[in-house]
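Top to bottom, those sequences are chains Y and S. Under our numbering, the very last position in the first sequence is 164; numbers go up by exactly one each time. Under our numbering, the very last position in the second sequence is 416; numbers go up by exactly one each time.
Worth flagging that the hints you see were computed from the coordinates, not collected in a lab. One thing to keep in mind: the hints can contain errors.
To be verified - Derived contacts from chain S toward chain Y, CB cut-off under 7 angstroms, selection only:
{"hint": "1", "residue": "ALA117"}
{"hint": "2", "residue": "SER119"}
{"hint": "3", "residue": "SER137"}
{"hint": "4", "residue": "ILE181"}
{"hint": "5", "residue": "ALA183"}
{"hint": "6", "residue": "LYS219"}
Treat the numbers as computed from the prediction; the structure is a model and nothing was measured. We put the beta carbon where it would ideally sit given N, CA and C, even for glycine.
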Amino acid sequence: MMLKGTVHKYGVNVDTDVIIPARYCNVSEPAELALHCMEDIDIDFVKKVKPGDIIVADTNFGCGSSREHAPLAIKAAKVSCVIAKSFARIFFRNAINIGLPLLESEDAVNSTDSGDVLEVDLSKGEIKNLTRNKTFIAKPYPDFMMKIIEAGGLVDYTRKNTVN
Amino acid sequence: MAKTLSEKILSIRSGSDANAGDIVIVPVDLAFVQDTTGPLTIRQFKETGKKLANPSHTVIFIDHAVPSPNRQLSNDHQFLRNFAREYNCLISDYGNGVCHQLVAELLANPGDIIVGADSHTVTAGAVGAFATGMGSSDIAVAFALGKTWFRVPETFKIEITGKFSEKVDSKDLILYLIGRIGADGATYKALEFSGDAVSKMPMSQRLTIANMAVEAGAKVGIFPSDNITRKHLEKQGRGDKFKELHADDGAKYEKIIKIDASALEPMVSMPHTVDNVAPARTLEGTKIQQVFIGTCTNGRLEDMAIAARILKDKTIHPNVRLIVAPASRNVLSMAIKKGYIDILINAGGTIVPPGCAACLGLHQGVLADGESCLSTANRNFKGRMGNPEASVYLASPATAAASAITGEITDPRKVK
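All chains should be built: construct the whole structure from the sequences, respecting the hints.
Structure representation (structure tokens):
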């Protein structure tokens, strides 16, 4: 699967409270969550993000609350994937579970700025910075997780793979 | 092979020889949601098309915004109540208190596997449970199948020796540790606490430490199940649930971190990340407009006692609002009986009902632009208390009470 989009870059420890503040957690409609995505860290994010765009961040992206509203808001804002040096544990699992692709690559993050255009080949884990003409390889997913991703998320995986 | 506490529990529950790095499937002893994550979880659970695997071990907590501050949350609460009625699972409604406190008081047993749609589910690690927070999809599937999968975590052993000096407690220790290893210092790892200071540490203080393990990125923050665990369970009328649990001698640790409790001083976590830590004395002069004592981190009877001891016959600073939220109905009831509540209200405090209260910015103490709050909670992220233009500092109940008197961040050792 190929993804392509413009980069919106953030720093370390982007927490789920700034991705989607608790005051919007009573909303479970993804499109409505998307209207407030990143609101407390970048008030203009929703205005500038275009379908396919890519969030790039430093270490520990998605730390804090377990709210799955955070990856849902990012996915519903039509962000195609998030690339970071590292992800917080619960966010990582949540994103996989709802089908938001995440890639870990320290080099890609170091060599990318806001406004760059990236092309990502998810099956190979390849990140191409078209603006700077550089290519990076992200860490592969464990096999166990690939099955969940291929099924379209954990809820679908469970529906398809278990009997009552 | 010699095992860490996490490896031991996951081996027993998966019926396999579980070592760090393995993927295991384990039955879930307790799965729960709260009112901000619950509605999404329940919708996802319904999408699985399954029945509830274990209704008597499934709990809906209504605690994050109680009583409801608005129509949307009221509708969410109604949705949760209807689900509990329809599926015959347990529900904890208004006034009972914060989920993690109630899990510790009433439900968590040593060796249990506990999962909750709330990151501070790690709190139950204090009673020797393997307890961790997950997102809504994972909890929905745990509701449906009664089991979940884990990658067995590598473990950092945190060895605590020595005795806390006066007005220093386990909150200062965990803030210090997070400052030392960083907000992602233990991502994916288990933090296992041991040492002579731990074997004497009361349950209330263990709960504070386990609660904040996730603020270093950890999957669990786990304590041995020992004599103190046994007494805690007996006090709650669950003595029969006690079993002793210790890591094996020779277990493999990825890292060993030693902390001398006697060398610690009152610590404060500064805006806007928990690992931004400094001694309270270095922040003197920092004005605060609100002090919040409560939460799953520090809303226990022992915390009320610490605050009451410092605020007895004192009045809070005229520029400060003091909000106190006992973590459970039992804590509130005991704090009334022991006279702590009387002291706190006469000092100028405002008591709000048991629940999460001001912690996550939904109600009962949202900050104004430019204001600062000193809170005994576990998070100080930007916007956490409902306003991205405000600042949150984290500290112990002693530091919070002392600062309420002076109107600025104050080392509690300075207040007589």
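I'd like to know which numbered hints this structure contradicts. Please list them from smallest to largest.
4
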